[in-house]
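**Q** So the sequences go chain by chain: X and P.
Going by our numbering, the letters in the first sequence line up with residues 1 to 90, in that order.
Going by our numbering, the letters in the second sequence line up with residues 91 to 396, in that order.
None of these hints come from the bench; they were simulated from the model.
Just so it is clear, the structure is predicted and the values come from calculations on it, not from any experiment.
Using N, Cα and C, we set each Cβ at its ideal position, and we do this for glycine too.
Any given hint could turn out to be false.
[Claimed, not checked] Distance windows between CB atoms, simulated:
hint : chain 1 : residue 1 : chain 2 : residue 2 : range
1    : X       : Ser42     : P       : Glu259    : 15 to 23 angstroms
2    : X       : Lys9      : P       : Arg345    : 40 to 48 angstroms
3    : P       : Asp342    : X       : Val61     : 52 to 60 angstroms
4    : P       : Ala392    : X       : Val57     : 19 to 27 angstroms
5    : X       : Asp54     : P       : Asp379    : 29 to 37 angstroms
6    : X       : Lys13     : P       : Val347    : 44 to 52 angstroms
7    : P       : Trp353    : X       : Asp54     : 43 to 51 angstroms
8    : P       : Ser93     : X       : His70     : 26 to 34 angstroms
9    : P       : Arg205    : X       : Val57     : 43 to 51 angstroms
10   : P       : Glu98     : X       : Val61     : 17 to 25 angstroms
11   : X       : Arg71     : P       : Ala377    : 53 to 61 angstroms
12   : P       : Asp373    : X       : Arg41     : 25 to 33 angstroms
13   : X       : Val61     : P       : Gln339    : 55 to 63 angstroms
14   : P       : Ser93     : X       : Asp67     : 18 to 26 angstroms
[Claimed, not checked] Residues from chain X shown here face chain P by an in silico Cβ test under 8 angstroms; the list is partial:
hint : residue
15   : Met1
16   : Gly20
17   : Ala21
18   : Leu22
19   : Glu23
20   : Pro25
21   : Asp26
22   : Leu29
23   : Cys37
24   : Arg40
25   : Asp59
26   : Pro60
27   : Val61
[Claimed, not checked] In silico contact screen, one side only, chain X against chain P (beta carbon under 10 angstroms); selected entries:
hint : residue
28   : Lys2
29   : Thr3
30   : His18
31   : Val19
32   : Ala24
33   : Asp28
34   : Phe33
35   : Asp36
36   : Tyr38
37   : Arg41
38   : Glu43
39   : Val57
40   : Glu64
Residue strings, one per chain:
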Amino acid sequence: MKTYEVFLKRPGKDPFTHVGALEAPDDDLALSFARDCYTRRSEGDQMWVVAREDLLVADPVELEMADRPHRHNDGTLLRDLRQAGSQPAS
Amino acid sequence: MRSWDSMEDFEAFLDDGGLVEPDDDMPDAYREAVFRFIELHANSEYMGGLTERDWIAKAPGLTNKLTALAKTQDEIGHAHLLYMVAADMGVKTRDEMTVDLLAGHTTFHNVFHYRAHSWGDQIAIAYLVDAAALASQQAVFKNCSYGPYKRILRRIIAEEGFHMRNGEELLLKMAKGTAEQHEMMQEGIDRWWWPSVQLFGPDTRPDDVLLRWHIKSERNEVLRDRFVQKMVPQLTAAGFTIPDPDLRQDPDTGRWVSGEIDWDALKAAISGRGPDSARRLNDARLAWDGAAWVRSALDEAAAVPA
Chain X
1 MKTYEVFLKR PGKDPFTHVG ALEAPDDDLA LSFARDCYTR RSEGDQMWVV AREDLLVADP
61 VELEMADRPH RHNDGTLLRD LRQAGSQPAS
Chain P
91 MRSWDSMEDF EAFLDDGGLV EPDDDMPDAY REAVFRFIEL HANSEYMGGL TERDWIAKAP
151 GLTNKLTALA KTQDEIGHAH LLYMVAADMG VKTRDEMTVD LLAGHTTFHN VFHYRAHSWG
211 DQIAIAYLVD AAALASQQAV FKNCSYGPYK RILRRIIAEE GFHMRNGEEL LLKMAKGTAE
271 QHEMMQEGID RWWWPSVQLF GPDTRPDDVL LRWHIKSERN EVLRDRFVQK MVPQLTAAGF
331 TIPDPDLRQD PDTGRWVSGE IDWDALKAAI SGRGPDSARR LNDARLAWDG AAWVRSALDE
391 AAAVPA
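Start from the sequences, fold in the hints, and give me the full structure.
**A** Here it is as structure tokens:
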């Protein structure tokens, strides 16, 4: 048996979302089991089923480190500038 | 891999609303406690699904049979989802969980250790047991610190909502039915009231790790009390009585206060000494053995190269 991950996209603008996993002996049955387990009430109009062994998984610590402060602007400086008004420094 | 230097750091992470994911280096005690809880939930969905299945043939009329069919698929589906989430914690495989369940080494909820005698019982289960189970699950979902469990609970709760609505529909139909139907429904309530109240468990102990680690968000006694406050007026309004001679309404607060709860009955049921425990487990073993050919066909399919 292989483990598969299931992704669903609801009708409309939502992106694909991971909904869960399942076990199946092959790809055809994985699709069939995924329909039985995850879409009995039209939860999605599109579904991806991916063998877990084929997923490339990033390290959450590295993901966190990819973030850098200079890529953000929290608006603090702008707020201070606005409050100071437009008078030139004397 | 995310890890925490100490239990204090880990608990601070949880208190801060952090979600634990399967690849995290979580403390062993947390892994063990959460796994046991999810395994119990999975076992209960599975045993509940088998019970529901018994009523596909017996439910009166096509509509009720279809509903029983849909509910059976839902419950077995929930077991599938939960066993996957549990297996991914790396404590036991799915097979090991099944073997332990069928051998009576692990537990499932008390309500699946009793026999559903009549259609009235089946409605009482759909109404009382599903409502109690849903209330417990909602309380877990609310603040659940284990990511995969929280996400799968969202779906389970949505589906249990259908069941509870169906239970209330059927209850109200019986309430407006013939005297015989009314009596059958009352008998169902009489048999299932206490097991449903007991489902919430005894008062939560102060050192309960499930509460501290944000698996449960409410104390058992709070959920149980809320259930009683909701159910007593509904059942009374529908013309039924509650099988609790000591049930009284506090004159000051207007709140319903239950009589003494028999916790020995809960312990007996959960430990496999309930009125229907042996038959239920035997049924589950027969179902498992009966489907052996499906599993071997699947294994053979898996062995054939594509």
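**Q** If a hint holds in the structure, say so; if it doesn't, say that too.
**A** Results of checking the hints against the structure:
1. For the pair Ser42 of chain X and Glu259 of chain P, the supplied restraint of 15 to 23 angstroms holds, since their beta-carbon distance comes to about 22 angstroms.
2. Distance hint check: the CB atoms of Lys9 of chain X and Arg345 of chain P are about 46 angstroms apart, consistent with the given range 40 to 48 angstroms.
3. Range check, Asp342 of chain P to Val61 of chain X: Cβ separation about 56 angstroms, and the 52 to 60 angstroms hint holds.
4. One distance hint, 19 to 27 angstroms for the beta-carbon pair Ala392 of chain P and Val57 of chain X, holds here, with the actual separation near 23 angstroms.
5. Evaluation of the 29 to 37 angstroms hint for Asp54 of chain X and Asp379 of chain P yields a pass: the beta carbon distance comes to about 34 angstroms.
6. Our hint of 44 to 52 angstroms for Lys13 of chain X and Val347 of chain P holds, since their Cβ atoms are close to 50 angstroms apart.
7. Hint check: Trp353 of chain P to Asp54 of chain X, Cβ distance near 50 angstroms, so the stated range 43 to 51 angstroms holds.
8. Taking the beta carbon of each, Ser93 of chain P and His70 of chain X are about 28 angstroms apart, inside 26 to 34 angstroms as hinted.
9. One distance hint, 43 to 51 angstroms for the beta-carbon pair Arg205 of chain P and Val57 of chain X, holds here, with the actual separation near 47 angstroms.
10. Evaluation of the 17 to 25 angstroms hint for Glu98 of chain P and Val61 of chain X yields a pass: the beta carbon distance comes to about 20 angstroms.
11. A hinted range of 53 to 61 angstroms for the beta carbons of Arg71 of chain X and Ala377 of chain P is consistent with their spacing of about 56 angstroms.
12. For Asp373 of chain P paired with Arg41 of chain X, a C-beta distance near 28 angstroms keeps the hint of 25 to 33 angstroms intact.
13. Checked against the given bound of 55 to 63 angstroms, the beta carbons of Val61 of chain X and Gln339 of chain P, roughly 56 angstroms apart, stay inside it.
14. Taking 18 to 26 angstroms as the suggested C-beta distance range, the pair Ser93 of chain P and Asp67 of chain X conforms, at roughly 19 angstroms.
15. Restraint check, Met1 of chain X versus chain P: the minimum CB separation of about 6 angstroms is within 8 angstroms; hint holds.
16. For Gly20 of chain X, the interface hint holds, since its Cβ comes within 8 angstroms of a Cβ in chain P; the closest pair sits about 5 angstroms apart.
17. Annotation: interface hint on Ala21 of chain X holds; nearest CB of chain P at approximately 5 angstroms, less than 8 angstroms.
18. Checking Leu22 of chain X against chain P by beta carbon gives a least distance of about 6 angstroms; that is within 8 angstroms, so the hint holds.
19. Hint status for Glu23 of chain X relative to chain P: holds, with the closest Cβ pair at about 7 angstroms, below 8 angstroms.
20. The closest approach between the C-beta of Pro25 of chain X and any C-beta of chain P is roughly 3 angstroms, which is under the 8 angstroms cut-off, so the hint is satisfied.
21. Because the closest C-beta pair between Asp26 of chain X and chain P is about 6 angstroms apart, less than 8 angstroms, the hint holds.
22. Taken as an interface hint, Leu29 of chain X checks out: its beta carbon lies about 7 angstroms from the nearest beta carbon of chain P, inside 8 angstroms.
23. Proximity of Cys37 of chain X to chain P holds as hinted, the smallest CB-CB distance being about 5 angstroms (cut-off 8 angstroms).
24. At about 6 angstroms, the closest approach between the beta carbon of Arg40 of chain X and any beta carbon in chain P falls short of 8 angstroms, and the interface hint on this residue holds.
25. About 7 angstroms separates the beta-carbon of Asp59 of chain X from the nearest beta-carbon of chain P, less than 8 angstroms, and the hint is met.
26. Below 8 angstroms, beta-carbon pairs count as interface contacts, and Pro60 of chain X has one with chain P at about 5 angstroms; its hint therefore holds.
27. About 6 angstroms separates the beta-carbon of Val61 of chain X from the nearest beta-carbon of chain P, less than 8 angstroms, and the hint is met.
28. Restraint check, Lys2 of chain X versus chain P: the minimum CB separation of about 7 angstroms is within 10 angstroms; hint holds.
29. Annotation: interface hint on Thr3 of chain X holds; nearest CB of chain P at approximately 8 angstroms, less than 10 angstroms.
30. Against a cut-off of 10 angstroms between C-beta atoms, the interface hint on His18 of chain X holds, since the closest Cβ of chain P lies about 8 angstroms away.
31. Annotation: Val19 of chain X was flagged as interfacial toward chain P, and the flag holds, the nearest CB pair being 7 angstroms apart, inside 10 angstroms.
32. Evaluation of the Ala24 of chain X hint against chain P yields a held restraint, the C-beta minimum of about 8 angstroms falling below 10 angstroms.
33. Hint status for Asp28 of chain X relative to chain P: holds, with the closest Cβ pair at about 9 angstroms, below 10 angstroms.
34. Interface hint at Phe33 of chain X: satisfied, since its Cβ lies 8 angstroms from the closest Cβ of chain P, which is below the 10 angstroms cut-off.
35. The beta carbon of Asp36 of chain X is positioned within 10 angstroms of a beta carbon in chain P (closest approach about 7 angstroms), and the interface hint is therefore held.
36. Evaluation of the Tyr38 of chain X hint against chain P yields a held restraint, the C-beta minimum of about 8 angstroms falling below 10 angstroms.
37. Nearest Cβ of chain P to the Cβ of Arg41 of chain X: about 8 angstroms, under the 10 angstroms cut. The hint holds.
38. Of the supplied interface hints, the one on Glu43 of chain X holds, with its beta-carbon coming within about 8 angstroms of a beta-carbon of chain P, less than 10 angstroms.
39. About 7 angstroms separates the beta-carbon of Val57 of chain X from the nearest beta-carbon of chain P, less than 10 angstroms, and the hint is met.
40. At its closest, the beta carbon of Glu64 of chain X sits 9 angstroms from a beta carbon of chain P; the interface hint therefore holds under the 10 angstroms criterion.
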